[in-house]
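Asker: Here is what each chain is made of, one letter per residue.
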Amino acid sequence: MNLHHDPQPDARSDADTDAALSALLSEALAADPMPTGLQSRIEALTDPSFNGLLDEALAADPLPVGLESRILEAVLHTNAPALNTPTLNAPHERSVLARIGIGQRGWVGYAAAAVLALAAGGAFYFAGQGETPHNPVIADTLVQLGVELGALSDEVDALHSSEQTDTDALFVLTDISYDQTNNDDDGTFWGGSAGSFERELWNELASEDETGIELF
Amino acid sequence: MPQTPTSLLDQTLAQAAQGDQAAWATIVGMYSRRVFGLIFKQCKDSDLAEEIVQETFVKIVQKLIKTDDEPGGYQEQGKFEPWLFRIAMNNLRDEMRRRSRQARPMDMSPAAAAGASGSDSASGWAVAEQQVIKGGPSAPPAPFDAVDHAEKVDRLRAAIQTLSPADQEILHLRHTAQLSFAQIAETLDQPLGTVLARGHRALGKLKKLLNPAAEARTA
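These protein sequence lines map, in sequence, to chains A and B.
If you read the first sequence in the numbering used here, its first letter stands for residue 1, the second for the next number, and so on.
If you read the second sequence in the numbering used here, its first letter stands for residue 217, the second for the next number, and so on.
Chain A extracted, bound-state conformation:
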């Protein structure tokens, strides 16, 4: 009986179909692996066109958008132990979170709240202590600024000292001149005996002719 070329199940009685199926099942059970063509011969008992309809009716549904990439991501996370850090994208972890009723967004929210609380606490602490936050960058900048201000102050002091010295020197000179100018009565302006000589010479020149005046 060639069942493969005679697929007319509706024309058969149930007894004929059952007998044909039993024979094929016996053949299948007696052989390992499955004989070539046995499957198509068994399906032909029903009707090839009917099987075509079944293929169409039961065709796999299209994958949801992005599912293939999500599967691949999960696979690669599992595949690479070095990259297998805990992640909420991993399906097993996500399902665990879902089972305890905490979603991914919940964890992110808790983490953000914790960071904000720490930042606020730190700010209140420093404000209460009245101290400058010990930031190394800020500290270095302040130290450098202090050095520069110190150097500038030294330069100002040096300049002031120099000006003071010059002024003092000028005052000294002025004082000397003033003293000398205002103390010619005691002869100090011209000096001791030499002054006397010069004074005498001056008096002689002034009295004899105008040449001495021209000298001044």
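It is worth saying that the hints were derived from the structure and are not from the lab.
Accuracy of the hints is not assured; some may be wrong.
Claimed, not checked - Sample of chain B residues facing chain A (criterion: CB under 10 Å; computed from the structure):
hint: 1; residue: A241
hint: 2; residue: F252
hint: 3; residue: I376
What the hints assert, rightly or not - Between beta-carbon pairs, the in silico distance windows are:
hint: 4; chain 1: B; residue 1: D405; chain 2: A; residue 2: A59; range: 22 to 30 Å
hint: 5; chain 1: A; residue 1: S40; chain 2: B; residue 2: D310; range: 49 to 57 Å
hint: 6; chain 1: B; residue 1: A238; chain 2: A; residue 2: A119; range: 43 to 51 Å
hint: 7; chain 1: B; residue 1: R417; chain 2: A; residue 2: G52; range: 17 to 25 Å
hint: 8; chain 1: B; residue 1: Q278; chain 2: A; residue 2: D55; range: 43 to 51 Å
hint: 9; chain 1: B; residue 1: Q227; chain 2: A; residue 2: V115; range: 19 to 27 Å
hint: 10; chain 1: A; residue 1: G122; chain 2: B; residue 2: N306; range: 47 to 55 Å
hint: 11; chain 1: A; residue 1: P62; chain 2: B; residue 2: Q318; range: 52 to 60 Å
hint: 12; chain 1: B; residue 1: L224; chain 2: A; residue 2: A117; range: 50 to 58 Å
Being a predicted model, the structure only gives us computed values, none of them experimental.
Idealized CB from N, CA, C, for every residue including glycine.
Following the hints, put chain B in place on chain A, whose structure we already have.
Answerer: This is chain B only, laid out in the frame that chain A set:
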């Protein structure tokens, strides 16, 4: 049925076992739609099907990757597809069992929703016939062979929904996952003869549902 050439599949699996990401992308591309389709047909829940599919591939990776501590749990013997679909089906069963323990019964079929324990029961069979036959019992449906193609497909889908979960499982493995009967036997860990008989019985029930008048004539 699109069967992946064994040599190509062997080569891809060998590369994947070494951690080749491109090989994994190939495997996911080849099988994700079939696995998702099978699980979605069984549970009718897209989110659950997505979770089951991801867990299935993660388990495949864990079993296939060879490490120093644990060598690969799968040795390629031309039975990768039955192995993959068996893991998927087991994942689904585990999840359904877990949900049933939490007193959240999940309706697997309209027959189950109607309170029928199986399509073989008198009440379940009656419900199935009422759901498949359009127009109700007082208006005999047009013969199945006489309707157009699109209506045939629609009526066939409705009829499949009325079958027992076990019968649906065989049909889904055969026509959605596109496994051969030999692979289905491997997947379900049942003898090939049992699977063939189950498949044939499911098809017979379907034909009887779709064309009761013709079946009555041949009986």
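Asker: Now tell me if each hint is right for this structure.
Answerer: Results of checking the hints against the structure:
1. For A241(B), the shortest C-beta to C-beta distance to chain A is roughly 6 Å, which falls under 10 Å, so the interface hint holds.
2. With a cut of 10 Å, the hint placing F252(B) at the interface with chain A holds, because the nearest CB-to-CB distance is about 6 Å.
3. Interface restraint check: I376(B) against chain A, minimum CB-CB distance 7 Å, threshold 10 Å, status holds.
4. As the Cβ distance of D405(B) to A59(A) is approximately 26 Å, the hint placing it in 22 to 30 Å holds.
5. Between S40(A) and D310(B) the CB atoms are about 35 Å apart, so this pair departs from the stated range of 49 to 57 Å.
6. Between A238(B) and A119(A) the C-beta distance comes to about 45 Å, which sits within the given range of 43 to 51 Å.
7. A hinted range of 17 to 25 Å holds for the C-beta pair R417(B) and G52(A), which are about 20 Å apart.
8. Between Q278(B) and D55(A) the Cβ separation comes to about 33 Å, which falls outside the hinted range of 43 to 51 Å.
9. At roughly 49 Å, the beta-carbon separation of Q227(B) and V115(A) lies outside the given 19 to 27 Å, and the hint is violated.
10. The supplied range of 47 to 55 Å is met by G122(A) and N306(B), whose beta-carbon atoms lie about 52 Å from each other.
11. Checked against the hint of 52 to 60 Å, the pair P62(A) and Q318(B) fails, with Cβ atoms roughly 30 Å apart.
12. Between L224(B) and A117(A) the Cβ separation comes to about 57 Å, which falls inside the hinted range of 50 to 58 Å.
This entry does not satisfy hints 5, 8, 9 and 11, going by the numbered hints stated previously.
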